[in-house]
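Chemist: Residues per chain are reported as follows:
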Amino acid sequence: MYIIVVGGGNVGYGLALELQQLPDYEVTIVELSGSRASALRDELGEMVVHGDGSEIAFLEGVGARRAELLIAVTADDGANLVTAQVARHWFKIPRVITRVNDPRNEALFRKLGVDSIVSASDAVMAQIEATMPEHTLVPLMALESAGLRVVSMRVQAGSTAEGKALRDLTLPTGVLITIVITPDGALAPDGSTVLRHGDEIIAVIPREADETLRAMVTGAHPDDGRS
Amino acid sequence: MRVVIMGCGRVGAGLATRLAAEQHHVTVLDTDAFAFRRLLPEFDGRRLVGSGTDDRMLVQAGIETADMFVAVASGDNRNILASQKAQSMYGVKVVVTRVKDPLRAELFGRLGLRTFSPTKVGIELAHDALFAPGGR
Chain A
18 MYIIVVGGGN VGYGLALELQ QLPDYEVTIV ELSGSRASAL RDELGEMVVH GDGSEIAFLE
78 GVGARRAELL IAVTADDGAN LVTAQVARHW FKIPRVITRV NDPRNEALFR KLGVDSIVSA
138 SDAVMAQIEA TMPEHTLVPL MALESAGLRV VSMRVQAGST AEGKALRDLT LPTGVLITIV
198 ITPDGALAPD GSTVLRHGDE IIAVIPREAD ETLRAMVTGA HPDDGRS
Chain B
39 MRVVIMGCGR VGAGLATRLA AEQHHVTVLD TDAFAFRRLL PEFDGRRLVG SGTDDRMLVQ
99 AGIETADMFV AVASGDNRNI LASQKAQSMY GVKVVVTRVK DPLRAELFGR LGLRTFSPTK
159 VGIELAHDAL FAPGGR
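Note that the protein sequences, when read in sequence, are chains A and B. According to my numbering, the first sequence holds residues 18 to 244 in order. According to my numbering, the second sequence holds residues 39 to 174 in order.
Just chain A, same shape as in the assembly:
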C-alpha cells in the first residue's frame, strides 16, 4: 500500500517512523521547507521529498494516482484543507486523513466533506482523559463520513453495566459493542457476555450516544458526566 504524508513536522516525522516499520507499506513524506526536508532525508532517506504537497503537478510527480492513503499534517490549515480536497477530488485517493490545527476550522473541514479529521486539541484531550483513573469514555477515532466514533469505555464499580450481560443492557440505537477486553484478553462479545468492573469496551457509537453510555458505565446520572 502506498501512502503519502504531507508535512514533515513532528507529527509527520513521527508517522513516518511508525509507517516505516510496516513491511507492506511504501511511504513518501512531502516537506515544503528545503532545510527541514534535507534534515529529514539524512535520517529517513529517499522517502523524503522536498516540495509543495498542495500543488497538483507536484503530487502527480510523487505518484498520487496510485496512493491509497494521503495524510495531511502540516501546521497550516489552509495547506491541509487544500491538500485534502486535491487528494480527494483530483486524484480520487480512497482515504484521506487531515489534521486541523485551529479548532475553529473544524466545522468547515467537516462541511467540505474532508472525511477523516484529526484535531490536535481533541487528541490531546483524549490523551489526558485516558490517563485519569476514572476515565470513562475516550474517543479513539472519528468515522466522519458515517457520523460515528470509535470509543473506549471502562466499566466502573457500581455502574449500571457492571455484572450485566450485554443483552440485558438497553443500549442507545446504533451502538455496536465490538471488543471487550477482560483481564484474560480481548474477546468478540455476544449477548451473553457479562461485563465486569475494570473491563474495557471498544465500541462504534453515534455521536449522540455519548452521554447515555458514559452514564451506563459510570453509574452517574447523564447530566453529571459531561466533559
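Since the hints were made in silico from the structure, they are not lab data. We put the CB at the ideal spot given by N, CA and C, even for glycine. Do not rely on the hints blindly, as some may be mistaken.
Said to hold, decoys possible - In silico lysine to any residue, SDA-like type, Cα no more than 20 Å apart, as pairs:
id, chain 1, residue 1, chain 2, residue 2
1, B, 138, A, 77
2, A, 128, B, 127
3, A, 128, B, 149
4, A, 128, B, 150
5, A, 109, B, 149
Said to hold, decoys possible - Where chain A lies over chain B, by a calculated footprint (3+ residues, C-beta under 8 Å):
id, region
6, 52-66
7, 72-86
As the list claims (entries may be wrong) - Computed spacing ranges between beta-carbons, pair by pair:
id, chain 1, residue 1, chain 2, residue 2, range
8, A, 35, B, 78, 50 to 60 Å
9, A, 193, B, 147, 35 to 45 Å
10, B, 147, A, 27, 42 to 52 Å
Chain A is fixed; fit chain B onto it per the hints.
Modeler: Chain B alone, transformed into the frame defined by chain A:
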C-alpha cells in the same frame, strides 16, 4: 453591494478603490497595516488589520451580511480557505478567489468557487504580445 476584500496588495487595493467609487460598501482586510498605503485617498470604505482566514476578523468585516467576498491575498491556500469559509460557513453568494497555480484554480473552480489564475492569464497575454504584429 456589500463587499469584503481579503488582501490589500496592488489588486486588492485597486479593486477596493474602484468598487468604492462605484458606490459599493467595501471592507478591506490585510494582515499588514502598511498595505493600506496602496489605497487611493478617495477610498471611503473600511480597512481592518487581520487575517481573512480568522473567523473573528471575517465577522468583524461583516461577512455575515456581505453579498460578495474576494480573496486576493498572497497565498493560494489561504485564499481558498477563506473563500470556502465565506461560501460554506457564512453563505456569501458570490465568492471570487485568486489562485496562482492554474491547476488548483481549475479544481476549486469545479468545486464551486469563482477562481482566476493570474499565471494562466499572464502566460496568455505574454504569448499574445510576443506574436502581435508591429514589432521592430
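Chemist: Compare the structure with each hint and give your call.
Modeler: For each hint, the structure was consulted:
no.	hint	in the structure
1	B:138 <-> A:77	holds (18 Å)
2	A:128 <-> B:127	holds (8 Å)
3	A:128 <-> B:149	holds (13 Å)
4	A:128 <-> B:150	holds (14 Å)
5	A:109 <-> B:149	holds (14 Å)
6	52-66	violated (count 0)
7	72-86	violated (count 0)
8	A:35 <-> B:78: 50 to 60 Å	holds (55 Å)
9	A:193 <-> B:147: 35 to 45 Å	holds (41 Å)
10	B:147 <-> A:27: 42 to 52 Å	violated (35 Å)
In terms of the numbered hints stated before, the structure departs from hints 6, 7, 10, listed from lowest to highest.
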